[in-house]
Amino acid sequence: MSRFRPPVWFVLLLPAIIILAAVVLIPLILSFYSSFTPYKLTRPDTLYKWIGTFNYEKAIKSTHFWAAFGRTVLLLTIALNLEMLMGLGLALLVNKVTYGQRALRTIMMFPMMFSPVLVGFQFKFIFNDNVGLVNNALQSLGLTDKAIPWLVDGQLAFIAILTAEMWSATSVFAILILAGLFAVPRDPIEAAKVDGCTPWQSFRHITLPYIMPFIYIALAIRSLDVARAYDIVQIMTNGGPARRTELLWTLIGRTGYIDAKMGYANAMGYISIFLAIFFTVYFFRKLNAARSELGMAG
Amino acid sequence: MAQVHLRDVVKKYGAIQVVHGIDLEIQDNEFVVLVGPSGCGKSTTLRMIAGLEDISGGEITIGDRVVNDLPPRHRNISMVFQNYALYPHMTVRENLGFSLKIAKRPQDEIDRAVDEAAGILSLAEYLDRKPGELSGGQRQRVAMGRAIVRHPEVFLFDEPLSNLDAKLRTQMRTEIKKLHQKVKSTIVYVTHDQVEAMTLADRIVIMRDGHIEQVGTPLDVFESPANTFVATFIGSPPMNLLRGRITGDTISLTDGPLISLPPQFASNVADGQDVILGFRADNLMPVGHAMPMEGAYAEFKMTVNLSEPLGTETLLFGALAGKEVQAKMLNPRPLQNGEQLQFQLDLTRCHLFDAQTEQSLR
Amino acid sequence: MNENLQHRIRKYLLKALHFVALFIAMAIICVPGLWVVLNSFRPTVEIMAKPPVWIPNELNLDNYRAMFGAVGEGGVPVLQYFTNSLIVSVTSTLIAILVGMAGGYAFARYSFKGKAGIFIGLMLTRAVPGVSLSLPLFIVMAKTGLIDTHLGLILVYVALNVPFTIWLIDGFFRQVPIDLAEAAEIDGCTRWQAFWKVEFPVARAGVASAGIFAFLTSWNEYALASQLTRSTFSKTMPVGLRDFTSEFTINWGGMCALAVLMIIPALILTFIVQKHLIAGLTFGGVKG
Ligand SMILES: Nc1ncnc2c1ncn2[C@@H]1O[C@H](COP(=O)(O)OP(=O)(O)O)[C@@H](O)[C@H]1O
Ligand SMILES: [Mg+2]
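Protein chains in written order, with the UniProt record's numbering: chain A, 1 to 298; chain B, 1 to 362; chain C, 1 to 288.
Worth flagging that the hints you see were computed from the coordinates, not collected in a lab. It is possible that part of the hints are untrue.
With the C-beta cut set under 10 Å, the calculated list includes, among others, these residues of chain C facing chain B [claimed, not checked]:
id : residue
1  : E3
2  : L5
3  : Q6
4  : H7
5  : R230
6  : K275
7  : H276
Heads up, the beta-carbon is just placed ideally off N, CA and C, and yes, glycines get one too.
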């Protein structure tokens, strides 16, 4: 009589698998199913009516959807790139400091401690056209006497949201890239200096390849996490006014909770999931390429 | 022309001074080795020459140029690091050609220089590998190759062999020596290994605690060490040092025999002066087991506690004046531990240092 | 000498530039945050004043007094929210760390079929945006009665944090040489003892950094909490912030006071594990 004993790795992984299945997988299956129904929160019986890919077709034909989709991709692309560049700059600045670096690092992490919803409120107020910090400052400095409609104009609102998002997330990049800079061995950098490199050349040829994996890790983590922007946008403009700052997430949220069209919202939700997965997988592949470049794949 | 001159060079880290005003003149094409125990400031000195560390005081010139504030790229030097410092993401070929690529030389010139360096260091078959796929010795050769492709005026080596195993180290030592004869340029080489220093150097610079203790040819520093530190640091086994006091024309060793004062020091000492007598194991031999000594010698009995056969000679450990003393004998013969023998000390090869200053009394 | 002078001047210029750039960057990082802190000590009327009052006339603790008063200003039960946040964040972080350690250890130390697939699968669960997840979760939780409870939110946060925790900790355990555990086992430890006595202490920095990320995520999460909590007894502070808004006005002073209350624990915690954080990311990050 031999009793079945599951392998150790399986036992160790089981809690993670169970909890992810319960909290993520089952709801996703449910939402996948409901995306083929005209499910409305207010009318539970609609859950059992099969309408095939109607919701998806509706989303694909909707100009609102595509506008939000385009805006989301645009925001993601611009935000991730700018955050990466600014985070890199910040990390390089802090890395050069020899005295009081510990304090600077702590300050650098300051925005990470702010809940995105708080960031939303903060910047909603900072960009308020009437009493906001930005307009007050501009007016007090005499740069303008108008009340610039930061959160009302579509393009200005995009900039305001981008600013808030960058303020909140740049430090994530900075801290990860700083960790990368700490891991760069000193020797090859010095060898490069002796080999005739200017500071820019040693950064370009030596430091950058070393920290590339960290940059991709940061990008991957951020793209996993990018729906944080939802909180910010929801507070600052909630997609408005008149859908001028509508992103996929605000569109989904409104369709699901305000209009109660769960089926349709879930269909759009799936499209946003694929968008997120696409970004994540893309950065993970880049990460592995950068790692094997440095001969530390594994 | 690439002499390197250091004038009163000082290095401080904050309040801590680690190099205390070094003066050194290195000639064109000279092979100079900085040697000293670890932590004595050799690397710091080398890195100041390279421009990797700022100098806190003094002046460094390479060729005719003062280079105090110049970044490394303007100094026309190349450096081989202890941990190779290869670029892990580049192939051997790219590693070798990197400095020329940065200098925007034409590709065919780079190829030629890389092939030449690869030829000198027998790296031709590894050119397309990355450093991660090479053995320690091969990496070391790539590091050297990277230094020679540029034809710099000065080569700087910082303990390049200390990560290699003993056999490889000897082999690479010979290669470096050959390299110097081939490429003809000034070399400043740092090591803590006195054997390496003795075999490679045209001139040796012995450092301790940020000071230069002695500069001289290998033979110089071996034959006439300037102080007890150099005396014990150079040569293996280290020189025996025994305390004593001058009484008339003898040295009375503390708790030991009277030994007549070596004639070459007679005019340099005063009666009653406290001194340290130094002699190497090769100059203390048991009667009948060595060449008979010519000139002045002292003779006394000593108990041999331990013997280590080294092949053609045997190292003997005895006790004299309350201290352990090493001696040698040429004709091997079985020895009992604790056996007492009659020893002869060659006085012409002895050294005498002042007990206070520890400087040579020659 | 001229050449040297030129380089020395350039070095000083660069140093000055570095200092200025650093100062500007730090100012941009600090100002919005410090502004919140400052406003928490000012009456809302003054914050909203037009023309603006740049130099505060009076600083007082009114907002805090109101916040900690019986029910708080405008009836916002801040202390209750604080307690809810604390319970949910601490519990979910601890569980996520335990689950993540088990999982990370499995990935770091055992090889099995489909390892890469399972790993990617776990990671991708994190790629699901909060809103997309909150709709179906809302339905499931409503059906199982977990909605509006601490337990429901804790479960969600554990699931949210486990993938990243596994990833970080996995990278970290890989840095701990396997000989270390083997040596301990030869010395007579059981595998279990070897883990706690040898491998865990070495990987502690990684666990600490995973922990702080998990805590910050739970502490600050809004999208899911705003749908899954309804009543005072389960609302967390990020959701509670909304209580200070009504349709047309915001009690900005009160909100800033709550914001400060939210930031302080995060700040303290981050400061404590700050040292481990960088080390954790360095090891866990690159060689994963
Ligand atoms: N960056 C630094 N900060 C403070 N002290 C240092 C630094 N680098 C080296 N030192 C000190 O300077 C002394 C000389 O170091 P080094 O030149 O590396 O010695 P070595 O002769 O072994 O190469 C040592 O005591 C070392 O502790
Ligand atoms: Mg050294």
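Comparing the hints with the structure gives:
no.: 1; hint: E3; result: 7 Å, holds
no.: 2; hint: L5; result: 8 Å, holds
no.: 3; hint: Q6; result: 8 Å, holds
no.: 4; hint: H7; result: 4 Å, holds
no.: 5; hint: R230; result: 54 Å, violated
no.: 6; hint: K275; result: 22 Å, violated
no.: 7; hint: H276; result: 27 Å, violated
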